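J.: Each chain, written out:
Protein chains: 2
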Amino acid sequence: MTSPVSTDLSSDIPIEEFRALAHEVADWSADYLGGVGSLPVLPSVRPGDIRSVLPATPPVQGESLTDALSDFRDVIVPGLTHWNHPSFFGYFAMTGSGPGILGEMLAAALNVNAMVWRSSPSGTELEELTADWLRQLLGLPSSFDGVINDTASSSSLHALAAAREAAYPDVRNEGMFQQVHGRIYASEEAHSSIEKAALTLGFGRSGYQTIRTDEQLSMCSSTLRSVIQEDIASGLKPVAVVATLGTTSTTALDPVRKIAELAQEFDLWLHVDAAYGGPAAIIPELRELFDGWEIADSIVVNPHKWLFTPVDCSLLYCRRPEVLKRAFSIVPEYLRTPEIEAGRSLMDYGVALGRRFRAIKLWFVLRYFGQQGIIDRLRIHVELAQALASWVDSAPEWERVAPAPLSLVAFRFISEKLDADALDDANHRIMDRVNESGEAFITHTVVRGRTCLRVSIGNLKTTHAHVQRLWELLQEAAVHEGKVVLPPEVL
Amino acid sequence: MTSPVSTDLSSDIPIEEFRALAHEVADWSADYLGGVGSLPVLPSVRPGDIRSVLPATPPVQGESLTDALSDFRDVIVPGLTHWNHPSFFGYFAMTGSGPGILGEMLAAALNVNAMVWRSSPSGTELEELTADWLRQLLGLPSSFDGVINDTASSSSLHALAAAREAAYPDVRNEGMFQQVHGRIYASEEAHSSIEKAALTLGFGRSGYQTIRTDEQLSMCSSTLRSVIQEDIASGLKPVAVVATLGTTSTTALDPVRKIAELAQEFDLWLHVDAAYGGPAAIIPELRELFDGWEIADSIVVNPHKWLFTPVDCSLLYCRRPEVLKRAFSIVPEYLRTPEIEAGRSLMDYGVALGRRFRAIKLWFVLRYFGQQGIIDRLRIHVELAQALASWVDSAPEWERVAPAPLSLVAFRFISEKLDADALDDANHRIMDRVNESGEAFITHTVVRGRTCLRVSIGNLKTTHAHVQRLWELLQEAAVHEGKVVLPPEVL
Numbered sequence: 431m432t433s434p435v436s437t438d439l440s441s442d443i444p445i446e447e448f449r450a451l452a453h454e455v456a457d458w459s460a461d462y463l464g465g466v467g468s469l470p471v472l473p474s475v476r477p478g479d480i481r482s483v484l485p486a487t488p489p490v491q492g493e494s495l496t497d498a499l500s501d502f503r504d505v506i507v508p509g510l511t512h513w514n515h516p517s518f519f520g521y522f523a524m525t526g527s528g529p530g531i532l533g534e535m536l537a538a539a540l541n542v543n544a545m546v547w548r549s550s551p552s553g554t555e556l557e558e559l560t561a562d563w564l565r566q567l568l569g570l571p572s573s574f575d576g577v578i579n580d581t582a583s584s585s586s587l588h589a590l591a592a593a594r595e596a597a598y599p600d601v602r603n604e605g606m607f608q609q610v611h612g613r614i615y616a617s618e619e620a621h622s623s624i625e626k627a628a629l630t631l632g633f634g635r636s637g638y639q640t641i642r643t644d645e646q647l648s649m650c651s652s653t654l655r656s657v658i659q660e661d662i663a664s665g666l667k668p669v670a671v672v673a674t675l676g677t678t679s680t681t682a683l684d685p686v687r688k689i690a691e692l693a694q695e696f697d698l699w700l701h702v703d704a705a706y707g708g709p710a711a712i713i714p715e716l717r718e719l720f721d722g723w724e725i726a727d728s729i730v731v732n733p734h735k736w737l738f739t740p741v742d743c744s745l746l747y748c749r750r751p752e753v754l755k756r757a758f759s760i761v762p763e764y765l766r767t768p769e770i771e772a773g774r775s776l777m778d779y780g781v782a783l784g785r786r787f788r789a790i791k792l793w794f795v796l797r798y799f800g801q802q803g804i805i806d807r808l809r810i811h812v813e814l815a816q817a818l819a820s821w822v823d824s825a826p827e828w829e830r831v832a833p834a835p836l837s838l839v840a841f842r843f844i845s846e847k848l849d850a851d852a853l854d855d856a857n858h859r860i861m862d863r864v865n866e867s868g869e870a871f872i873t874h875t876v877v878r879g880r881t882c883l884r885v886s887i888g889n890l891k892t893t894h895a896h897v898q899r900l901w902e903l904l905q906e907a908a909v910h911e912g913k914v915v916l917p918p919e920v921l
Numbered sequence: 431m432t433s434p435v436s437t438d439l440s441s442d443i444p445i446e447e448f449r450a451l452a453h454e455v456a457d458w459s460a461d462y463l464g465g466v467g468s469l470p471v472l473p474s475v476r477p478g479d480i481r482s483v484l485p486a487t488p489p490v491q492g493e494s495l496t497d498a499l500s501d502f503r504d505v506i507v508p509g510l511t512h513w514n515h516p517s518f519f520g521y522f523a524m525t526g527s528g529p530g531i532l533g534e535m536l537a538a539a540l541n542v543n544a545m546v547w548r549s550s551p552s553g554t555e556l557e558e559l560t561a562d563w564l565r566q567l568l569g570l571p572s573s574f575d576g577v578i579n580d581t582a583s584s585s586s587l588h589a590l591a592a593a594r595e596a597a598y599p600d601v602r603n604e605g606m607f608q609q610v611h612g613r614i615y616a617s618e619e620a621h622s623s624i625e626k627a628a629l630t631l632g633f634g635r636s637g638y639q640t641i642r643t644d645e646q647l648s649m650c651s652s653t654l655r656s657v658i659q660e661d662i663a664s665g666l667k668p669v670a671v672v673a674t675l676g677t678t679s680t681t682a683l684d685p686v687r688k689i690a691e692l693a694q695e696f697d698l699w700l701h702v703d704a705a706y707g708g709p710a711a712i713i714p715e716l717r718e719l720f721d722g723w724e725i726a727d728s729i730v731v732n733p734h735k736w737l738f739t740p741v742d743c744s745l746l747y748c749r750r751p752e753v754l755k756r757a758f759s760i761v762p763e764y765l766r767t768p769e770i771e772a773g774r775s776l777m778d779y780g781v782a783l784g785r786r787f788r789a790i791k792l793w794f795v796l797r798y799f800g801q802q803g804i805i806d807r808l809r810i811h812v813e814l815a816q817a818l819a820s821w822v823d824s825a826p827e828w829e830r831v832a833p834a835p836l837s838l839v840a841f842r843f844i845s846e847k848l849d850a851d852a853l854d855d856a857n858h859r860i861m862d863r864v865n866e867s868g869e870a871f872i873t874h875t876v877v878r879g880r881t882c883l884r885v886s887i888g889n890l891k892t893t894h895a896h897v898q899r900l901w902e903l904l905q906e907a908a909v910h911e912g913k914v915v916l917p918p919e920v921l
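From first to last, the protein sequence lines stand for chains A and B.
Each residue of the first sequence is one higher than the one before, counting from 431 in the numbering used here.
Each residue of the second sequence is one higher than the one before, counting from 431 in the numbering used here.
Just so you know, the hints here were simulated from the structure itself, not pulled from any lab data.
These numbers were taken from a predicted model, which means no experiment stands behind them.
Among the hints, a few may not be true.
Identical copies go unnamed one by one, so any copy, or any two together, can satisfy a pair.
[To be verified] With a straight-line cut-off of 20 Å between C-alpha atoms, the simulated SDA-like cross-links for lysine to any residue are:
#1 Lys-891 to Arg-449
#2 Lys-847 to Pro-473
#3 Lys-847 to Ala-819
#4 Lys-891 to His-858
#5 Lys-667 to Asn-603
#6 Lys-688 to Thr-640
#7 Lys-667 to Gln-608
#8 Lys-891 to Pro-444
#9 Lys-891 to Asp-479
#10 Lys-891 to Gln-802
#11 Lys-667 to Pro-599
#12 Lys-891 to Glu-446
#13 Lys-891 to Ala-852
#14 Lys-667 to Asp-697
#15 Lys-891 to Val-483
#16 Lys-891 to Glu-447
#17 Lys-667 to Arg-602
#18 Lys-847 to Gln-566
#19 Lys-688 to Glu-827
#20 Lys-891 to Ala-597
#21 Lys-847 to Arg-717
#22 Lys-667 to Pro-508
#23 Lys-847 to Ala-825
#24 Lys-688 to Pro-508
#25 Lys-755 to Glu-625
#26 Lys-688 to Arg-642
Required output: the full structure, derived from the provided sequences and hints.
T.: Structure follows, in structure tokens:
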């Protein structure tokens with residue numbers, strides 16, 4: 431047998447060239463992480479600016495990676511909003527910590543796929559182990575079974591698919607067409623991913639009912655009860671309720687025990703969205719905020735938010751994994767293996783078949799920081815948020831719009847000289863002014879119809895000085911709005 | 431203002447310690463990629479082996495990452511099935527190429543999130559640009575708009591959600607409950623992700639109809655026509671048809687132009703699953719195999735399969751992005767930005783809100799290899815598969831069970847001395863024997879009810895010698911089954 435194929439072609443990049451570039455990337459990454467605090471958080475680019483300086487067509491002949499790395503440094507990085515900046519306070523601030531990044535680098539080199547046990551034995555078992563470690567840290571009972579998904583949007587989709595499976599035993603065969611109209615409940619402050627999941631699963635907006643919140647922005651459980659009772663009286667079928675522990679807008683906490691009791695009384699699936707807030711359950715003095723979540727059917731917690739793990743890494747814990755599996759398991763012949771009974775197939779618990787080795791980064795994070803190290807660090811974020819909340823509370827030209835039980839503060843600039851709409855505009859301008867400084871980045875929300883500012887504290891590099899500087903920037907920006915006189919020590 | 435917070439705690443890993451470890455990871459990765467060919471492809475571990483040697487509980491105090499890296503090397507890596515091994519021929523063989531790995535490492539360090547343009551301007555625009563580069567390479571018209579998802583399972587779910595949106599204009603509001611029973615069609619050889627998407631979207635198994643295939647394992651378009659007509663006559667609503675270009679079992683190609691014509695005639699959404707096969711359209715002499723896909727409504731192509739990009743990276747191209755957006759766009763107040771009209775929000779085109787910076791790795795791959803380099807390398811894989819197919823065809827104790835138009839060969843051991851069931855068992859044993867050797871890894875499938883072996887060639891390190899050695903291993907294993915006498919030059 432002689433070879434019909436040319437083997438002259440150097441196929442992948444030569445290994446020593448890869449090694450040299452990997453060292454370059456290692457240095458760049460260390461320099462970036464060490465220096466990101468001196469970059470503008472928000473870049474001063476306009477839509478289209480990045481594309482306009484890059485070639486619109488791919489190269490015919492291959493190029494050197496040195497050129498690609500140059501473009502990366504000179505064009506891509508300056509056009510980024512830096513989530514790793516210690517003064518990134520927008521959305522949910524998060525940290526791609528060093529240990530997590532190293533884990534991600536190793537996962538990239540391995541490039542394995544834990545669809546079935548055989549396709550990645552260590553990948554499957556480390557995911558099980560790491561999910562269980564985090565379960566223990568969160569104080570959840572061992573009846574919860576964890577699987578890593580990409581994002582909370584996927585985790586909640588999977589949870590609500592399991593809820594649908596539980597409510598409509600024939601949905602796998604018959605679909606939704608002839609089913610009794612089902613309803614999924616969540617607070618009016620719930621994350622958009624819950625509504626998106628309801629739409630994806632075929633409930634429609636009419637099958638998704640938001641429940642009003644009380645003055646704490648927590649779901650009003652008595653309203654939930656009335657709505658469920660009215661729905662049943664109207665011939666509708668309550669399917670699931672989603673309780674949020676740490677809403678995106680203000681980190682409000684729904685009364686999960688009361689909701690859990692209602693879920694049990696009316697036989698609803700209870701899904702808890704603790705995507706952001708969940709890690710706070712690791713802190714002993716904050717665990718009481720989570721009281722009742724241990725009887726939920728499913729819980730989502732995102733280590734890529736407030737647990738130092740690079741995106742993407744979302745844990746879905748499910749107390750009824752057999753229902754989740756019934757909703758998703760389809761095993762074609764080409765994926766059957768002898769171990770399919772003994773070793774779990776992670777592909778059975780969600781949409782995705784291909785699965786990155788996400789467990790390594792989380793394992794590294796949990797090992798490097800340890801339980802006590804995580805508690806210490808999360809406590810600092812909570813304390814920084816409490817400090818900011820106290821400054822807001824003591825300043826007459828600012829008001830807090832919601833409790834700050836975790837590490838996010840929601841507040842607004844106020845002035846008797848301005849009407850409500852003008853105040854909304856003023857708050858938007860204050861945000862823009864802070865963000866245009868490049869020194870800090872915040873985002874906004876709307877609470878009870880009015881524009882508010884959100885400051886989320888979740889980056890490991892964020893110190894008291896960064897929060898203090900943000901407070902100065904906010905006050906300086908406010909000067910331009912309400913003719914506020916700054917106290918001399920701030921100027 | 432004095433600090434109420436201890437800032438003594440060193441928060442993330444010290445930057446110089448990170449740098450040293452990143453260099454260690456760089457070296458390990460280069461050594462691994464250079465030496466993976468000498469490791470057993472399939473590890474000799476049993477379910478539970480890995481977990482049993484790792485601590486069952488997380489550490490209370492943080493540990494050194496040196497220990498974690500040791501466990502990674504000593505416990506995790508030996509328990510992996512090595513997808514990067516040049517003799518990995520299972521599932522779909524793939525390559526985490528050097529350029530792709532470097533891109534992934536940078537993305538991990540950046541840890542940005544392209545939900546809306548503002549949250550990651552470069553992330554958004556590089557994703558648009560790179561998706562467009564690949565579109566050009568594939569020869570698709572500019573009317574196709576690309577978005578990067580994690581996996582083909584997600585891409586196809588999104589595509590069929592758009593199909594549902596197009597078929598039932600009120601589904602976003604009313605859900606599926608009162609809709610006319612809808613039907614999604616795909617060949618009996620279609621990937622399990624298509625059925626999974628149909629179930630997730632609420633069509634149920636009764637809403638998912640497989641179409642029989644012809645002797646080439648291609649969808650029989652005349653059967654598709656009859657089924658559509660019968661369904662319409664029965665009051666059912668044809669919604670979508672999925673054509674596969676490169677089935678998972680044997681890489682069969684559905685007659686996409688004929689299917690496209692039927693889709694137009696009956697107003698169905700046409701989704702093309704070219705997750706594996708798609709990159710072959712970059713090769714000029716193979717593009718004709720894709721004739722007709724340019725009039726599909728949506729197409730999925732996975733660079734993480736046969737385009738040298740580490741998992742996960744799946745491109746969904748859609749000719750009607752406004753429908754896709756209608757199916758998924760929900761913009762809560764906290765994600766509204768001034769650029770929302772000018773800059774595209776990638777979160778609007780699928781389930782996930784959080785989005786890793788997956789474009790970098792694909793951009794590096796396309797730049798490093800270039801169009802010609804990609805063509806050269808894909809051609810080698812096709813040639814290697816043709817070589818193996820020719821060996822199978824000329825050996826009396828083996829038979830091919832399907833055409834091999836791309837880089838996968840499906841075949842089986844045959845013997846007149848064994849009945850059909852015994853032959854199935856023999857083929858399973860042959861596979862196990864090859865896999866237990868640690869020298870190569872193959873997987874099986876079932877074609878027309880009988881067990882067959884699959885050899886997928888898609889790793890950049892795979893050479894003629896690796897395929898030749900696999901062929902020897904197969905023949906040696908066959909000796910134990912049918913008392914086959916090996917030709918002397920093989921032994």
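J.: Each hint should be assessed against the structure and marked as holding or not.
T.: Quick rundown of the hints versus the structure:
1. Taking the shortest alpha-carbon separations for Lys-891 and Arg-449, only the inter-copy value of 17 Å comes in at or below 20 Å, while the best intra-copy value is 30 Å.
2. Neither within a single protomer nor between protomers do Lys-847 and Pro-473 lie at most 20 Å apart by alpha-carbon distance, with minima of 33 Å and 73 Å respectively.
3. When the C-alpha separation of Lys-847 and Ala-819 is checked against a cutoff of 20 Å, the pair qualifies neither within a copy, at 24 Å, nor between copies, at 82 Å.
4. Within a single copy, Lys-891 and His-858 get their C-alpha atoms no closer than 27 Å, and across copies no closer than 55 Å, so neither meets the 20 Å cut-off.
5. For a Cα distance limit of 20 Å, the shortest separation of Lys-667 from Asn-603 qualifies both inside one copy, at 19 Å, and across copies, at 17 Å.
6. Taking the shortest Cα distances, Lys-688 and Thr-640 sit within 20 Å of each other inside one copy (17 Å), while across copies they are farther apart (46 Å).
7. In this homomeric assembly, Lys-667 and Gln-608 come within 20 Å of each other (Cα to Cα) both inside a single copy, at 13 Å, and across copies, at 14 Å.
8. With identical chains, the CA atoms of Lys-891 and Pro-444 are at most 20 Å apart between copies only, with a shortest distance of 11 Å across copies and 37 Å within one.
9. Taking the shortest alpha-carbon separations for Lys-891 and Asp-479, neither the intra-copy value of 30 Å nor the inter-copy value of 38 Å comes in at or below 20 Å.
10. For a Cα distance limit of 20 Å, the shortest separation of Lys-891 from Gln-802 inside one copy, 18 Å, qualifies, whereas the shortest one across copies, 45 Å, does not.
11. Taking the shortest alpha-carbon separations for Lys-667 and Pro-599, only the intra-copy value of 13 Å comes in at or below 20 Å, while the best inter-copy value is 24 Å.
12. Taking the shortest Cα distances, Lys-891 and Glu-446 sit within 20 Å of each other only across copies (15 Å), while inside one copy they are farther apart (34 Å).
13. For the homomeric pair Lys-891 and Ala-852, neither the shortest alpha-carbon distance inside one copy (35 Å) nor that between copies (64 Å) is at most 20 Å.
14. Taking the shortest alpha-carbon separations for Lys-667 and Asp-697, only the intra-copy value of 10 Å comes in at or below 20 Å, while the best inter-copy value is 33 Å.
15. Proximity of Lys-891 and Val-483 under a CA criterion of 20 Å is satisfied in neither setting, with 32 Å inside one chain copy and 34 Å between copies.
16. In this assembly of identical chains, Lys-891 and Glu-447 lie within 20 Å of each other by CA distance solely across copies; the values are 16 Å between and 33 Å within a copy.
17. When the C-alpha separation of Lys-667 and Arg-602 is checked against a cutoff of 20 Å, the pair qualifies both within a copy, at 18 Å, and between copies, at 19 Å.
18. Proximity of Lys-847 to Gln-566 under the C-alpha cut-off of 20 Å is found in neither arrangement, the shortest distances being 53 Å within a copy and 57 Å between copies.
19. Proximity of Lys-688 and Glu-827 under a CA criterion of 20 Å is satisfied in neither setting, with 37 Å inside one chain copy and 69 Å between copies.
20. Taking the shortest Cα distances, Lys-891 and Ala-597 never come within 20 Å of each other, neither inside one copy (45 Å) nor across copies (50 Å).
21. Proximity of Lys-847 and Arg-717 under a CA criterion of 20 Å is satisfied in neither setting, with 43 Å inside one chain copy and 68 Å between copies.
22. Within a single copy, Lys-667 and Pro-508 get their C-alpha atoms no closer than 52 Å, and across copies no closer than 50 Å, so neither meets the 20 Å cut-off.
23. Taking the shortest alpha-carbon separations for Lys-847 and Ala-825, only the intra-copy value of 16 Å comes in at or below 20 Å, while the best inter-copy value is 91 Å.
24. In this assembly of identical chains, Lys-688 and Pro-508 lie within 20 Å of each other by CA distance neither inside one copy nor across copies; the values are 48 Å within and 48 Å between.
25. For the homomeric pair Lys-755 and Glu-625, the shortest alpha-carbon distance between copies (15 Å) is at most 20 Å, but the shortest distance inside one copy (22 Å) is not.
26. Taking the closest pair of Cα atoms, Lys-688 and Arg-642 come within 20 Å of each other only inside a single copy of the chain (15 Å); across copies the shortest separation is 52 Å, beyond that limit.
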